[in-house]
Amino acid sequence: MSPPPRVALFVTCLVDQLHPEIGVATVRLLRRAGCEVDFPMAQTCCGQPFFNSGFRPEAARLAKRAIEILEPYEAIVLPSGSCTTMIRAEYVHLLEEEPAWHDRARKVANKTYELSEFLRHQVNWQPPTSQNAPTITYHDSCHMCRILGLKEEPRALLTQAGCAINEMSESNRCCGFGGLFSIRMPEVSNAMTGEKLHQAAETGSAMLVTADPGCMMQMRGLAEAHGVRVEHLAVLLEMLTTDSQI
Amino acid sequence: MTTLHQFRAEAAATIADAQLQISLEGATHTFASGRVRALAELPDADALRDHFKATREAALGRLAHYLELFERNATAAGAQVHWAVTPAEAHDIVIDIARRHNVDLVVKSKSMATEEIHLNHALEAAGIEPVETDLGEWIIQLLGEPPYHIVGPAIHKTRQQVADLFSQQTGRQISADDIEGMVGVARSALREKFLSAGVGISGANIGVAETGSIVLVTNEGNGRMVTSAPKVHIAVMGIEKLAANWDDAAVWLALLARSSTGQPLSIYTSAITGPAKEGDEDGPQEVHIILLDNGRSQQVGTPYEEALQCIRCGACLNVCPVYRESGGHAYGSPYSGPIGAVVTPMLMGLADFEALPQASSLCTACLDVCPARIDIPRMLLQLRADEVEEKVMPWHERVAERAAARVLSSDKSLRFVAGALRLLQTPLARNGHLRVPAALNPAKGRKLPALAKKSFREMWRKGEV
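Line by line, the protein sequences give chains X and B. Residue numbers for the first sequence follow my numbering, beginning at 46 and rising by one. Residue numbers for the second sequence follow my numbering, beginning at 124 and rising by one.
Don't read these hints as lab results, they were simulated from the structure. Ideal Cβ placement from N, Cα and C applies to all residues, glycine included. Heads up, some of the hints might be wrong.
[Claimed, not checked] Which residues of chain X face chain B? A few of them, derived with a C-beta cut under 10 Å, are: (1) 97; (2) 146; (3) 230.
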């Protein structure tokens, strides 16, 4: 009998400080899928906001810190497509001038997973089907969809858990967050979010689901006016697979 | 020049204009969905794009060689090749040619390179009247506006606005439903100009080094009229528009119109190799090709070299969620959208166009559709890093970000600062959001998130997870 896979949760700074319920749901899902979850306390941030703003030395320092904290583990899981992209796709470029760090970055990248892909491909978790599952629409966040290529994974989990999915006309159109872009160009950012929420409302779904906490936060900031309920994939899946009140 | 403030103001006006939003969505959606259909007709569009990128890299990797080859072959075909390092040099060359032929009226087909160097302005200052003959360019010329989109300069104008403009121009009452009538107005006005202009000025979509030819891609036939009716033809071509040979040009053409408007080819694709030959019934007596540098050669060997692979198809604009809200004028440059956000600061200086690398959520939709697979997001990130290093970014923003990075450099400092912020936010936090007076909200109408009462790490520490 093989031991349960041990994964390190990199919960992300947004989840840690603003939406811990996403972290809690993630841990429960991983345990339900048979994993042992560790939370290396020293973690803070993957460095993406600094990299995206042009603060490369600062981003590199945070990247090295994250690598040191995560490399002892056999697998690292994140409830965020954009932070997964940072660790998996960007760290190697950020540290390419330092061969030793570049190598360590590559090794960590090879064992870093976004939550839905981990559940589906690494541990082959089959969620039980809930009879109370809502009809939802799913937002393909930019990095997860276009850089990591993960579109089928979250949908498969949601469908298996009982959800019907009504697709938006442009499920992969950016929600308008873009990190600090949402503060630097708030008018454009809000217009982009408004378009996304409008498309979501048009599907007539009970919920707009996303696998990215940044997107969720952004869309919730304007959701009331459109009458749209926005949930994170982990929170919804966790609710459905314990059959709690939606 | 375009500051952050200016971009935001122009974008906000565009967002508030319901009709403009409809025009923008309509045009970009039509182009973008056309592109998908047109590429699906190819046996393997993805492989073709990979191959195309390789040809662009190879040509730009030996740019000097191919430019000289182009010059030799164009000259052998009877054309005259000029080299313009700066816009002023290009202006002087054009004005000199016009003056030598006693020309005071020139007709132009659409050329973004000539917009880039403000050629019309220079011609007018020299007493020479330029008339745009691409319908969209003519419309914006009459209105005194800059182009709105790399491919469709007047996509922001409705039929009604054009009808009003033409009514004004002709003194007649022209209805917005009378499309034929409107086209007729343009045709008769422009026909007269084609036949009386002494010089025709075009751009060049492709310069083929193998034969010293230039290729023009238009939908209106004005490119052919401009380059054959007047006695003298001047083509202004960015030096990066070189294809080594006709095989590479064929791949370029297979992707250009498909990516741009969803057509397999534009209505008129013309290859021009020198002036009229002995026995030709028509054609210009002189063909001048101005090879325009204006900062392009400086990019070779830098992180921005890849931007030179652009073929100005506009595909990136059509999928850019920022462009689709803000419109083309917000960028303050003839090159708008994602590629514009890179080439404008690249060619015209980052300090003057600080807003453009910021005008992106880094969604990567542009990279996804570019026929040459240009990694625009990578270059936007590089420009942002340059803005920090060159202190183009305001000092208080730099201080704030560096402070935030320091707080995140240890979990202890994070816990300390987050704890302090939790206390401070108490009077403002309600239902997960911060109640902040509208005037003080940096998110301008969007609700800001509050810190959770308890962080995840605290819950874990207390064994609650």
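Numbered hints the structure breaks, given as an ascending list: 2
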